[in-house]
Each structure stands twice: as C-alpha cells, then as structure tokens.
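Chains as they are written, first to last, in the working numbering: chain A, 1 to 218; chain B, 219 to 359; chain C, 360 to 778; chain D, 779 to 1074; chain E, 1075 to 1623.
Calculated from the structure, these hints are not laboratory results.
Don't take each hint at face value.
Quick list of in silico lysine-lysine cross-link-like pairs, DSS-like style, CA-CA up to 27 Å [as the list claims (entries may be wrong)]:
{"no.": "1", "chain 1": "E", "residue 1": "LYS1256", "chain 2": "E", "residue 2": "LYS1361"}
{"no.": "2", "chain 1": "B", "residue 1": "LYS348", "chain 2": "E", "residue 2": "LYS1184"}
{"no.": "3", "chain 1": "C", "residue 1": "LYS708", "chain 2": "C", "residue 2": "LYS532"}
{"no.": "4", "chain 1": "E", "residue 1": "LYS1184", "chain 2": "C", "residue 2": "LYS552"}
{"no.": "5", "chain 1": "A", "residue 1": "LYS7", "chain 2": "A", "residue 2": "LYS21"}
{"no.": "6", "chain 1": "E", "residue 1": "LYS1607", "chain 2": "A", "residue 2": "LYS82"}
{"no.": "7", "chain 1": "E", "residue 1": "LYS1607", "chain 2": "C", "residue 2": "LYS466"}
Every beta carbon over 12 Å from chain B, so not counted as near; a handful from chain A, in silico [as the list claims (entries may be wrong)]:
{"no.": "8", "residue": "GLN18"}
{"no.": "9", "residue": "ASN131"}
{"no.": "10", "residue": "LEU194"}
{"no.": "11", "residue": "GLY211"}
Heads up, the beta-carbon is just placed ideally off N, CA and C, and yes, glycines get one too.
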Amino acid sequence: MIIAERKPLEDIKQMIAQYKKILLVGCGTCVTVCWAGGEKEVGILASQLRLAFRRDGGELETLEATVERQCEKEMVEELKDKIQQVEAVLSLGCGAGVQTIADRFEETPVYPALNTKFVGMPEREGLWIENCGACGDCFLDRTGGICPIVRCAKGLLNGPCGGTNKGKCEVDPEKDCAWTLIYRRLEKQGRLDLMRKYYPPRNFQAVVRPGKIEAQRV
Amino acid sequence: MTTGVEFLPCIVAFCCVHSAYQAADAAGRMRIPYPENIIMVHIPCAGRVDTLHILRAFENGADGVVILACHEGACHHILGNIRAKERVERANALLREIGVDGRRVEMRTCAPNDGSRFARVCHELEEKIKELGPSPLRKHA
Amino acid sequence: MVNKSVLVLGGGIAGVASSLRLAVNGFKVYLVEREPTIGGAALFFCCKATEACNQCSVCLVPEKIAEVKAQPQISLLTNSQVAEISGQVGDFSVRLIQRPRFVDPEKCTACGVCAELCPSQPNKAIYLPSPQALPYAYAIDKNNCLHFNGVECNICSQECPFGAIDFDRSPEKIELSVDAIIIATGFDVFNAKEKGCLGYGRYTNVLTGLDLERKFSTQGSITLPSSGKAPQNVAFIQCVGSRDVHIGNGYCSQICCKYAMRFAKLLQYQHPETKITIFYMDLQTAGKGFGEFYQQCKETIRFVRGIPVEISEISPDELEVKYEDFIEGKVAKEIFDLVILSVGITPRKDSSNIARILGINLGEWGFFDTQDHLDSTETNVEGIFVAGTCHGPKDIPESIAHGAQAASKVIQTLAARGI
Amino acid sequence: MARSFKETLNSGKFVVTAEVAPPKGTNLKKTVEHIDLLKERVDALNVTDNQSSVMRFPSLGTTVLIKECGGEPILQMTCRDRNRMALQSDLLFAYTRGIRNVLCLTGDHITVGDHKEARAVFDLDSVQLLHLVRTMESGKDFSGNDLDGGVEFCAGAVVTPEADPIEPQLIKFDKKVQAGAGFFQTQAVYDMDNFKRFMEYAHQVDRNIKILAGMVLLASAGAARYMNEQVPGVFVPQDLIDELRSAPKGTALRKGIEITGRLIRQIKEEAICDGVHIMAIGREEVVPDIMVAAGL
Amino acid sequence: MDEVKIGVFICNCGDTISKSVDLLDIRARLEKLADVALVSIGHDLCSPQAQQAIRKDIIDNGINRVVIAACSPQLYGDALANLVEKAGLNRHLLSVANIREQCSWVHPDKDKATKKAMVQIRMAVDKVRLQDVVEQAEVEVYKDVLVIGGGIVGMEVAIELSNLNLRTTLIEKEANLGGRLKQFAALYPLQVTPEEMLTSRLKQVTGSENIDALTSAGLKDLSGEVGNFTAKIRKGNEEISRNFGAIILATGYETLFLDKVYGFELGDNIITQSQLEGMLKSPGEIKKIPQSVGFVFDICDEHSRISTPSTLRNALVIKERFGSEVYVLCRNLQVDGAGLEKLYQDVRNKGVIFFKFERFPKVLRENGKINIQVEDLSMAREQVMLSCDLLVVEEKVVPHQDFATLESMLNIGLGPRDFYQEDNVHLYPTSSTKSGIFFAGNCHQDLDLGRALTDASNAASEAYQLISSGKMRVEVERVVVDPDKCALCLTCLRFCPHDAIRIDYEKKTAHILDLACQGCGICAAVCPAKAIKFKDWSDDQILAELEVV
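Go ahead and model the full structure; you've got the sequences and the hints to work with.
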C-alpha cells in the first residue's frame, strides 16, 4: 500500500499564496488508510488553511471533494464542475493522483499536499514501515520472505556487512539488521543453503524508470 | 489591548455526557455561578471529538476550546479521554503551525458529582483565555 | 410479568443495588428509607480524584440512583421506618410509619423558590437533601421550621408555584404484603468521641474521615478549621474504633486505610507542600490496583508503624501527638497542625431493635449474622436477607456486589418455592 | 624493488602489513613520510578508500605513490562510491601502474560519513567484487566482453571474527573464500581464545587460506571502552581495559603499544594465523615501536 | 425526507426561569428561525396535563422534530422520550436544552443568561434538524451461559445460574473440577471443611441437568457478540461448537515461587505454602513431624489477600494437629476480610508468635536447621535469632498461564499485574469492557473466599439479568458504516474500546455490531474516510451546533 505524509503547512501555504478559491481533493484508498489524504484530513487541512489565511489577514475560500481513487481518469472526471469554479487544485492524493488530475485538467494548476514516501505496511495503528522498494526483480524467495533490498540499508544480497552489531543495523541502532532476521528465519526453516548461495549483482534496470507494464489482452 | 469594552472571551467546551454535563448539573444545583460565555457542546464521550470540530470552532470565532472529559481511568469507554488528549495535542500542533498560541486548546477532566471543581475549571479557563486575548482567527468585520 | 414483591429496608448503595437487580427481573420493590433521599452515606462522600481517578467508586452512587429513577417497578418510601413485621416467606405483612415530608415529591420540581424565601436562620428549614437526591424534591426540617415552633409562617407554601407544600401532614401508617425482605440498613461511623484521649470534639483541628468527606464535597478543598489556612503538616491515625477488642470492635473495617491514602494523595495534589504522615498498625493494601497506588503513595507520604495513644493541644494550630515509634523503639512526640482520625465502620445503633422486629440474630460484633458463613446473605429467618455494610464492613463496589447477591438469592429462593 | 605481497604470503613468512590513511586534501607530505617510514619494515601497506565514508585523497592515487616510493601497496576498494563500470576501469588502471594487491570491501554507509546526502551506489557488494576481479583475470569484463590486455591480482577481503551473531558472518566468509579471496585481514581482535575458535573454523573451510589478524592500537582506556560500545564486532576484554586504566598518567600510549606488541608476539609464537595487519589509526609513526615491542 | 417541522417547548418551571431568562424575547427570536413551526412556553412541562398538551400540539401541527428547553434531561429524559414516542415520533427525534440547572440557576445577570439560553436552544434546534430516526428492535438471544474455569468460583457461578434455571456449560482444563479447593487443608475463618464444601458443590453441579460440565476442555475460538457468541470448545481431541448469550470467566490464579527474591532454593526443610497444604492434606506424606515451623511472607508479594489467610489457616492447623512451635514473620497482616481479625486473635491465643519486620529477614541453612535472623519491630529493632526445622515461604500470585491466549481470543484487555478487567471504576465489580462477558473470583481481583463467593453470585446475576428474558432491546443501526466510503483500513476496529466492530469481507466494509456497541462514537471520530455516521451525534450535527459560536 502506498504510504504518504502531509507536507508542512508552510510549504502548502507558499504554493497557494496567490489564490482566493481552491479545491482540495482527497483520495479514498491508500492515503485514507494511512491517515494522510482521506476525507477527514481534507476537512482538517481545508479548515487549517482557511484559519492560516485569516491569521495573515487574507481570506481563502475552499471547496472539498474526495474521489474513490485519484489515479483513475473516470473518477477524476467527477471533479469537472468543481474545478471550473476554482483557480487551483490542492490534491491530497499520492503522486499518481496529483498527476492524473494535472493531466486531465491542464488549464488549472494542481499542487501536491502530500509527500509520497514508500510502499509499506502498518506495524501498528499509526506507524507505517517500508518493506518493499518496488525494485522490479523480487528477491523474497531467496530470503525466506524478508526483503534485503529495502530493509538492509545498503541493499546487500550476500549476507550482512561488517557494521551489524547485536542484530541491529549500523545506520540506526533501533533498526533490525535484515540479514540477521533472514539468518534466524532460514535457520528456523532449515533452509540456510539459500543464504550460502552466491547471488550476482542485481539488474538495477529491471524497471526502466518510469515503469510501464503492458498486460496481455484479458 | 481591550479597547474600553471588556473583552469577553468566547469559549467552546466539548462536554462529555458522563462527566462534564453532570458536573454542570451538580454545579447548578449547588448554585455555584460560572462564566456565561462558555458554549457547551454535548458529546457522548470525549473520544467523539474530532480535530476538525476543534478547528471549525476556531473558524467560527471561538477564542478558546476545551474538552471536558472523565478522569483518566474513569472513562465509561475506557479509552475515550486518552483519545481526546491525543487529539488535543494534534490540534495544538496544527494551531502552532498556523502561528496561534497552542494553549487555546486544552483538555481538563472532572468527575460527575464534583460541581465545585467544574465551576473552578470554568473560571480558570476564562482567566487564561482573557490573558491570551481575542483570537486572531476571528472573522474580520 | 412477575407478580412478586420485595421489601428492601434501607436506601443505601447496597439497597439500591438489590432493588435494581430485582426490578430489572420483573419484581415489584418497595424501597424504604429513613432519610428524605436514598443514596445512604456514600451519597455525601467526595470524589477523591487528583489528576487521574483513584478508584474510590463514589461516583457509582449517583449513577445507580439515576438507574433507580428509570425503574417504575421501584416505589420509594422515604422518611419511613419499619414498625412491625410478621408472616413468613411468600407472605410477610409489614407495617411502616412514614414521617411527613410536608413536600409532595410528585409535585415539587425543586425550583428553589421556597428556599430563597424561607426566613429561618442559620440554615433554611426547607432544603434539598443533596444535589443528587432522589426523590429530587425539597423537604422540611420540622424542628428548624418556624411554622412548627409557634410562628405563623407559611411563606413557602404560599409562594410555591406548584402547590407542593402542605404543613398539616401527619405520620402515616402503611401496610404492605411482600414475598421477601432484604435488610440493607448500612452502618454508623465510629463515634471518635469515645476515644477521649485523641481529643476529637475537644480540639478544633482533630477531624474524622467523615468530616473530611463533608468538607471536600461542599467546599472542594480543606483548610484548618482553627485558622482557615492551608494545612502544612497533617497526620492520619488509622484503626480508630477498629481492631480494638476493648471497645467491642474486634474486626478490621477494611476501608479506612484506603480512604486515608486517597485523602492523603488528594491533599497533596491540592497543596503540594503539605507533609503527611500516616500512623498505622497493619496497612491494608490489598485490592484491585491498590498495591500500585500504595507504591506511589510511599514516595510522597511518610508511613509510621505505631498507633498514637494521646493527642494534646498546645495551641489550636499545634497538636502534639504522642506515639510509640517501633523503629526507634521509644515514645516520640510530634507536632501536627491537622490530625485526621480514620474512623471505621460500626453496626447501627438501632440494629438491635431492627433485629428484634425481624427476629434475626446479631453476630459477635453487632452486625446482622448470616446462616452459614458461605452464603453471606441468608439470615436465620427464611425469606429475610441482608446486604451491604449492615452485615459487615464493605467498600462501595463490594456493597453493590453483596446487594446483587442478596437479590439473586431472593429470586432463587422464591423460584425454588414456586412463588 | 620489494618482494610482491603474493610471494611473501606463499613464502610462509610471518606477514606484517600496516595501514596508511591519505589526507583530506593534496598535501601528501605526511603520507610520504609514513610510506618511507614503513615501506621497508612491513610486507605491504594498505591504503584506506574514503574510510568511514569521509571524503579523502583517493586510495588509487596513494597506492601509485607507494609504488613510486618502492613500497608494496594493497589497494582497498569499496562498493559505496563506484558502480561496476568504474570499479573495472580503476582495476585496469591500477594493474598498469604495477599494483597487484586489492582488498575488496562493501564499505561503510554514506550516512555515517561527512557527505550524508550523497547517493550511495552499492551496485555490488564485497563478494560480488571478488567475483568481478576473478572474471577480469579470465580475460573478460563483467558483461562477458573480451579484454584487450588482461589483469592479474592477489585479491583479499575482510572478516569480523567476534561479530554478534557470528554465524551469518561465517556464511559470508565461506562465500568470499569460494569467490577466490587470496587472503583475509580481520577486524580488531584482542581475545585470543575467541580468535583461535575462528581460526579452527577458517582452516576447516580452506586449509591454505591466509589470514592476518587485525591489530588496532588502544591509545587509552577511553578508546578501549569506545571500541567496545561503538565499533561493531569488537570485544576488548575487561582486564585489558583495567591494565590501560591503571597505567600512570601520560603513559597510556606506551601501555597500548606494549599490549599490541604482546598480542602480536603471542600470535607469532603460537602460529595462530599467518600474520598481522597493524592499524594504528592516526598514529602511523608508532608502528615501528609496535613491531619492536612484538620482536619482529 | 419530509419537510422538517420543529416544535420548541420551553418550560418556565413555575415562572422561576423567567425571573432570570427573558423567555418572551427568546420565543420571538426562535419563531424567526427556519423550520421552526411552533414555540410554546409552558408553566411546568413535567406535569401530566402539560405533557398531554404537548402531545396534542405535536399531532395538530404535524411536528416531526421536538426541542424541549427545560431542566436537566437526567430528571425527565426518559419521560420526555416516551412522550415523543406516544405522539407518534421516533424517540431519537428529540433534543433537550437544559436552561435551568445550566443557565438560569447559575447566571444571575439577566441579559447574559437570556443570551446563553438563546444559544443553548439555538444549538438544540440546529442539532435536532439533522437528527435521524433510529428504530428499536428486540433481538432473540441465547439463554445459555459459558463458564470458563471449574474451580470453586466457577462451580458456584454454574450452580447459581442453574438455580435461576439458565443452561450453563462449565469447562475446566484439568481432569476434574474443584481447582484450588482440592488443595486447601482448612477454610478458616469459615468453619466448614474443604472436603465438605467440595462434595456439596460437586453434588449440585453433577446433579443439576442445567449444567453441562466438560473437564479437560478449553476454549479454542470465540466469535459473535453479546447474545449470540459462538464458542469452539476443545475437549480431548474432539471439538464442540456451541452458542451462548453470555460468558463468565472464573479462571482463578496460580502461584509462583520466586527464588531470586528469596535468595535461596527450596529444599526438604524449606517449602512453599502449596507444598505445606499438600502435606497437611495427606498426613502420610509427612516423614518427620516438625518441632518448630516458621512462616515468612510479604517478601515477593506485599499486597495479596492470599498469603495472610493461608498462613493463619495453616499455622492454626499445625498448632492443633502437632502442637509444634510456630513463628510468623511478615510486614503487614492483610486482615481486611470477614472474620480474619478474629482468626488472627485465635491463632495468637493458641501461642503462635508474630514478628513484624521492615527489612527482609536473613535465612541461613545450618545442618538441617533453618536459622532466621530478623530485626523485630515490636521489640524495638532488636535482632532476633530464630531456629526452626521447617520454613514455609509464600508464593507470588500470578494469573493462570494461558491468560494471554484467552485474552487475545476474547479481546477484553488486561488490568494491573496482568489480571483480567481493566482498572476502571465503571467496570466494578464484575463487568468487562465487552458487554456480555463477566469475571468472577481471583482471575480479575484479589479476593479471599468470602468475597469470591459474593463475586460469583454477582456475576451470575449480571448474566441472568442480561439474557434471562431471551430477548434484548437494541437500537438498530444507531452507528452505521457507509460501505461505499469505507476503505477497510481497520482503524475503527483497532480503536473500538468494546470490540464491537467486525469486517464484512463480502460487502467489503466495516460493520458495527448493534448489540455490542455502547455508543461512544470513537469510531466515528477516528474514521479517516468519514464513513461512519453516529445518528444521534453525527459530524454535521456537531458542526451545525458550532455555527452558533
């Protein structure tokens, strides 16, 4: 699931400083689940912006809308009449959402209110961690289901670096060293041979940016 | 700063039905006066207040917002007052981001049969908001 | 619907709990209460929360009373006492005497007009028994009201917008026939004056736990009775009237250690600079979450093992407490500006008379005795049960549980006898 | 011309190597002094490659300098700063300047250095780098194209004998040996029993693998405590720390040298491994004293 | 939605409110508000005739939303809701403004009080305009109760329920019922002996056809909500699935000997209370009658109601049976149970010597004897050396081992020291955070035998009260999830304090269990997609009320 986080208010204010009337668009899927861009956050950000503008002596009129998925052209189409009434759009979707709106309504400037961070999962409610780097060449079959590319700071494929200490990573003493976790799981499953094999360097161009997938006709 | 006419702060109080509302009744029965300009919005539990409600209260011109909940460990719904405290902290952060004094949002606790404490809390709140002055977020004339 | 009826004698928290449990299960309940309002002693206790709740359970009482209000099955007979009871289980006939309240609870809306106009000093003759009273109506205190002391005054009855006040009411006899009886007549606080050497009643700054409850629930804080200043150095003395065979109380009242520590915490929350000492024999710190509470108390409160034997007043603000300090092994003297006697629970003075009326026997220390110790509600008379502190010391949740147990035993006994 | 490091390794002599850290600039004066001081005394001189991700004068440049001064350099290469193309072209250049020894390292993470926002490459890791060197020696580049003029190196790697947990390290050690590592220089070791246990394992994997025990000079008790807490996989026994602490004021360095000397003499006499790699980080000038203290 | 017509009924409470609140001015201003069809001021709304008049007004003017501005809803709340219902409206289309206790009684200044009363009534009008109908319904519920734990408390609960003729299933993980009762040597201060009590309870349990006792059985899985729980019970290797209306946990406690705290291991002359009780229970086991016995407690667990009574009991049994010397060392005697103080006096009169310590006593083993060095407070801190040939030490009271798995299955939260039941006043004495699940005995509180039996009876009657009628009244969809908006993010499920939310994977939405929901509204506030609507306190109602600021 895509995890995003709201930009600081200062940055958002600068983006829309010159506008009097804007439309805030939320997205009902990933960013709702990670509490960043759902209908509730749209309401809170709109209210905060109105207060901020009033604090600086100005006035801001806001329209609010939340589409089911911002990365679908048909769903973004529903914003048509609201967009006509505003000078700019502030999108609370992930990067894909912002660009779907920008591509569809080219005459109206579209601004991102969130920073799309990573593909991840909730460790507990309110705390999300990255556990997939979308590298295009999944390695999980060889490590018992723990991704070294994302969860090891250096993305190593052949075992831990010299910097691991008591199972923790050199970069952050709180973070587990992925290879220690892999070692323990493979040992538990009796599949340490997987760790003993040599793995050649990764194909870093497995996903030529920007990625594209052409599905066979269904 | 108050130009002659005495600044009367407008405070919105989200009152939990299980504690603050009954404490207000108890204060009433003991005829203990407290400031009139506290607008009491009743909620089934302190956990029902959303950060949006707090911000909207400021948009409508409130000078201070308070959530009056049960004491910690005495909430009918166990976690209601703890959730409310987290939301007040978030509202504080949002207000500071806007450049407004975060102390305008606060959470206080009281017991349903403690009328005198309810009145005391209301007076303290009014003093504090008077000291902070009118909210810069009021609608312009 | 069940056409069985039960008499619950005593409207304290235990009686209320029994009545609620019976009413919800379809029983008709006559809740008889001596005072003008139900709620018993606990209704006048104060909330002992500091920044967090300290689990004193006092706020459960108004909650349960609100539930009684919502139960049409329960009819309240306040200001009344039992005169005579006869018959056996399934067919008790009860004669009650109801002292006049002079205010009709059905009509009175507690609007307060009468109290404003009442001329009697120092406190009004017509009053609201408590902010959370039920029935929520005013009552007239006969010996304080001018009307009954030879003065032609009926201002309140004329001014009452609802015509609720009627002076010429006389005590009424009420006859009832019920299937079972639950006695929940509660307790009396130990009269600290019996311990003359501790100076209660003689020295202004020696108070009991009950005085603290009253002061906190009315004023919300405590000041020295002698000077009105905030207390600097407070002493709590435990086991006053409990665990003392000489005065006939060979039992632990169970609640004094708990309320003493909660008061100590509340006092220090309001006046952080106050130093507090608790003199104890054996600290009763068992109970849900109370061990952890005691650990917190240990950080800020001084505990001294040894019960003081004598208090003498040097000046109203200086009380010299003489006690045997086990740690140093010598008799020590210390000055405090406020001393609280943690008085315990004792049987009601009129419990022997009630026992006579009902024909049930009293236990060793004057509480009502129960059949076999395993079932702590059935008395020696079948169909008569006991609930709450009239059977022995209990705190509020335990009284509620005991009341519910009595109610459950009533349901089972009557079900067993096919009534 | 000094004997090649490979011959020294195979000669069965007790091999001693040391380390030289290039400057953060172009003033090579001190580096040349260190090279001249040590080039005769030790069998080979390691040159660190942006150690702890701190940008410095390049390792390749320093090894060429050592060659010019007549020393036998070991080129250290990390995978942090160069991708597989840059690594191969650097190796071709090094070979042409007579550099025959290379130490393959994964390298510290970019965020522990002084260019925390730089892009870390890590195209390869140390094991893959060893495979790269072997592939080039077979006359092909890493994509299988023929080289016009080949190379030939004595490639080595590092290992942490007292890492916690140790098993993953040992698995990686096997991989490096299978990848053709000619020699190993270990992380700092002080507890000889632990090290002996590691050596037994190492000889099980490959009888004639050459291992040099890493010797880091302890300048004070504080430095020893720092090593224990901060440096991964290093375990300084308490008695050494006490020994350092009990040393009178100002003589802690002398005590450090004496300890390192004693450890080297023990390794030599008990033939625990094939030699030592002396790391006197920032105090290259005392290496001769250590060697004297070790009776080399 | 038919056109909204609001009726505002203001009570003057016998012309007392109009003394400090200008009701006529308020009425004038209210009549101008949109959707307000009728504003009437009554003398006393609580009187039966006034309520008749209101009902007539509602029907005549076709009012479909009612605002009552009078005294505290606590006093007449239900009566007013019934009134609205009798007038043909749903009882949720009512909003009350308390202009007596919270306005005229506390604000002496007339125009300020009038202004506040106007604000209060305006908010009630704005709120009632958006209030929804919430139907009430009666739901069939199972009249069976599951009792987990077959100790004395579990059996007592089952017996009580069967006397109230409710069917119960009693499951016990051991091979036979009785639990701790089988171990006790005596039950002082109660006169009855453990054997008598055990046999009487077993007879009643096996005798009653209402009780189905399953031994060496455990709960494997639980689903559903109050009124219809579905429990999978594993007995031996077979699995039984049954439905229940309520569940009562009586899993009791276990004891643990903490040698690190005591600083020495057990041996043949240092044993724990449970071991001593085992020996006293079967005298044959005692190889040598101990001449002097020492009891020591209050070291590893200072606040338990278990160590004092069991020590006093066993000291008395030893004194009576063997007449040996008995010493008791402790810090505080927990005698706050019925009859315990008297037991303490009896034990002392029988010659048992008590020592109170502040610092822990030192215990040394020397050639078969145990020497205890304690600084006795009652003799002015004098060092006292005791020697005895048997030392009985206390064990720490801990929850039964698989409390964690059971808790995660039932999802009811843990209280202090990992015992059940959160430490919250409103749950006392036996309720859990989830309606329909209750606790009895030492699994949630520290109880001596007398209190445990009261607890058991109370838990049984709580369950009886809940499901004995076989039906439960429920507010249908008072809190409802809009499936289109729900993003299945599970936030509401994780935040609900009463575990009243489930995920409906067919309809791809969260689903609120009406019976289990206790109406706190936390889910509505926390839902990131604003998909949850709490009909009595919805977001738009609260925001509408805030417009008055």
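Hint-by-hint comparison with the structure:
A C-alpha spacing of about 22 Å is found between E/LYS1256 and E/LYS1361, which places the hinted pair at or below 27 Å, so the restraint holds. Distance hint between B/LYS348 and E/LYS1184 is fulfilled; the C-alpha atoms sit about 22 Å from each other, no more than 27 Å. Annotation: proposed proximity of C/LYS708 to C/LYS532 holds, straight-line Cα distance about 24 Å (limit 27 Å). A hinted pair counts as satisfied when its Cα atoms are at most 27 Å apart, and E/LYS1184 with C/LYS552 does not qualify at roughly 49 Å.
For the suggested pair A/LYS7 and A/LYS21, the alpha carbons sit about 20 Å apart, so the restraint of at most 27 Å is met. As the CA atoms of E/LYS1607 and A/LYS82 are separated by approximately 25 Å, the hinted pair is consistent with the 27 Å bound. Simply put, E/LYS1607 and C/LYS466 have alpha-carbon atoms about 40 Å apart, too far for the 27 Å limit, and the pair is violated. The claim that A/GLN18 is not at the interface with chain B holds, since no C-beta of that chain comes within 12 Å of its own (minimum 19 Å).
No beta-carbon of chain B comes within 12 Å of the beta-carbon of A/ASN131; the shortest separation is about 26 Å. Every C-beta of chain B lies more than 12 Å from that of A/LEU194, the closest at about 44 Å, which supports listing it as non-interface. No Cβ of chain B approaches the Cβ of A/GLY211 within 12 Å, the least distance being about 35 Å, so the stated non-interface status holds.
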